[in-house]
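**Q** Guided by the hints, dock chain B onto chain A, whose structure is given.
Those protein sequence lines, which keep their order, are chains A and B.
Read in order, the letters of the first sequence correspond to residues 1 to 241 in my numbering.
Read in order, the letters of the second sequence correspond to residues 242 to 334 in my numbering.
Hints may be right or wrong, so weigh each one.
To be verified - Computed Cβ-Cβ distance ranges for the label pairs, DEER-style: (1) A:V217 to B:Q330: 44 to 50 angstroms; (2) A:I157 to B:G332: 36 to 42 angstroms; (3) A:K47 to B:A288: 38 to 44 angstroms; (4) A:N78 to B:I303: 27 to 33 angstroms; (5) B:S277 to A:G19: 41 to 47 angstroms.
Keep in mind the hints are simulated off the structure, nothing from the lab.
Glycine included, each C-beta is placed from N, C-alpha and C at the ideal position.
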Amino acid sequence: MILPSVHITSDQQILWQHGFVKLNETIVTTWAVMIAMTLGSALITRKLATERTISRWQSALEMIVTGIEGQIVEVGLNEPRKYLAFLGTLFLFIGTCSVCIVLPGFTPPTGSLSTTAALALCVFIAVPLFGIREQGIGGYLKTYIKPTPIMLPFNIIGELSRTLALAVRLFGNMMSGVMIVGILLTITPFIFPIVMTLLGLLTGSVQAYIFSILAAVYIAAATRVAKPKPAAEAHPEPSAA
Amino acid sequence: MDSATLVAVVSIITAGITTGFGCMGPALGEGRSVASAMTSLAQQPDAAPTITRTLFVGLAMIESTAIYTFVVSMILIFANPFWNHFLSQAGGK
Chain A
1 MILPSVHITS DQQILWQHGF VKLNETIVTT WAVMIAMTLG SALITRKLAT
51 ERTISRWQSA LEMIVTGIEG QIVEVGLNEP RKYLAFLGTL FLFIGTCSVC
101 IVLPGFTPPT GSLSTTAALA LCVFIAVPLF GIREQGIGGY LKTYIKPTPI
151 MLPFNIIGEL SRTLALAVRL FGNMMSGVMI VGILLTITPF IFPIVMTLLG
201 LLTGSVQAYI FSILAAVYIA AATRVAKPKP AAEAHPEPSA A
Chain B
242 MDSATLVAVV SIITAGITTG FGCMGPALGE GRSVASAMTS LAQQPDAAPT
292 ITRTLFVGLA MIESTAIYTF VVSMILIFAN PFWNHFLSQA GGK
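One chain only, chain A, in its complex shape (with noise of 0.2 angstroms):
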C-alpha cells in the first residue's frame, strides 16, 4: 500500500543519524532557508543609502517592506511597525520556502507537519502576547467574555480549532504540490509536471499571504477592543461646548 519512492513528509528522509540524533530533510531546508534569507539580507543591508543612488537590491527590500506594511495597516493595526516584524517573517519565511520549489532536489519544509505546526504555534502565542501588550491582562481576558459569558468556551475552543487550521492548510496546500508533481513524475515525465509546479508556485505563494494576513487578523481582533474609547470620549464634547 506504500510507494517506496514518495514521501508523505520530508520527516522521514532521514540524511545523517549518529546515536539517536537525526538530521532529517525537514531540519536540512529549515536551516538551508534561513541562511540563505539572513545572509542576503545581510549582504543588501550592508550600506544603506538614503540619497539619490540607492542600489536596485536595496530598492527590492524596501518595496517587500514598505508593502508589508500597507498590508498590515489595510488589516486594522494602525501602528504596523510594531507586528512588521512577526508578521512579515511568517510572510518572508513561507514566501521563500514556496519559491525555492523550483531549485532541483529541494523539498519545501512547509510540506511537513511540524514545521506549520510550530509556525501556528507561534502565532498562537503571539496573539495573546500582542493583546496584553495593548490592552492589559485584564483588558485581554475580558475579550474572551465579549458578547456575553456563555461564550467564553466557544471562544477557547475557537482559538484552539484556528490554530490547528492554519497549521493543517498550510501543510495541506504544499504536501499535496509535492506530491502530485512526485506522482506525475512516474507517469508523464516530460511537459505536465512543470505545468503542475507552476501552480504549486502560485499557490504556495498565495498559502504565505494568507498564512500571515489570518495572523494579522488574529492579532487585529486581540488588540482592536481598546480602540473605540478615544473616539466616544471625543464626541461629548461639541455638545458641551
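**A** Structure of chain B alone, referenced to chain A:
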C-alpha cells in the same frame, strides 16, 4: 476475508470516497464566491484591489476544508496506522 484484507479494502474505498465527496462542497462554495466577486467588480471597478484580496482570503478559507479531506485520504493511503499494525505483525512472524 481476514481482518488485514478487510482493513485494506475499507481504507482504499474510504480514501476514494473522502476526496470525492469532500471536494464537492468547497467547489460549489468557491463558485458562488467568485460569481459574487465578479458581480461586485463589475459594479465598482475601482475597488478592485480590496475585492480581489478579500476574494483570495475567502477562497483560501473555503479551500482548507477540501484540504482537510485530502489530508485524511493521504493518511489512509500512505500512513495508515491500522495497516502498519498488520504489517508489523506479519513482519514479526
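**Q** Give a verdict on every hint.
**A** Here's how the hints hold up against the structure:
1. A:V217 to B:Q330: 44 to 50 angstroms: For V217 (chain A) and Q330 (chain B) the Cβ distance comes to about 48 angstroms; the hint holds.
2. A:I157 to B:G332: 36 to 42 angstroms: 41 angstroms, holds
3. A:K47 to B:A288: 38 to 44 angstroms: Hint holds: Cβ distance 41 angstroms, inside 38 to 44 angstroms.
4. A:N78 to B:I303: 27 to 33 angstroms: 29 angstroms, holds
5. B:S277 to A:G19: 41 to 47 angstroms: 58 angstroms, violated
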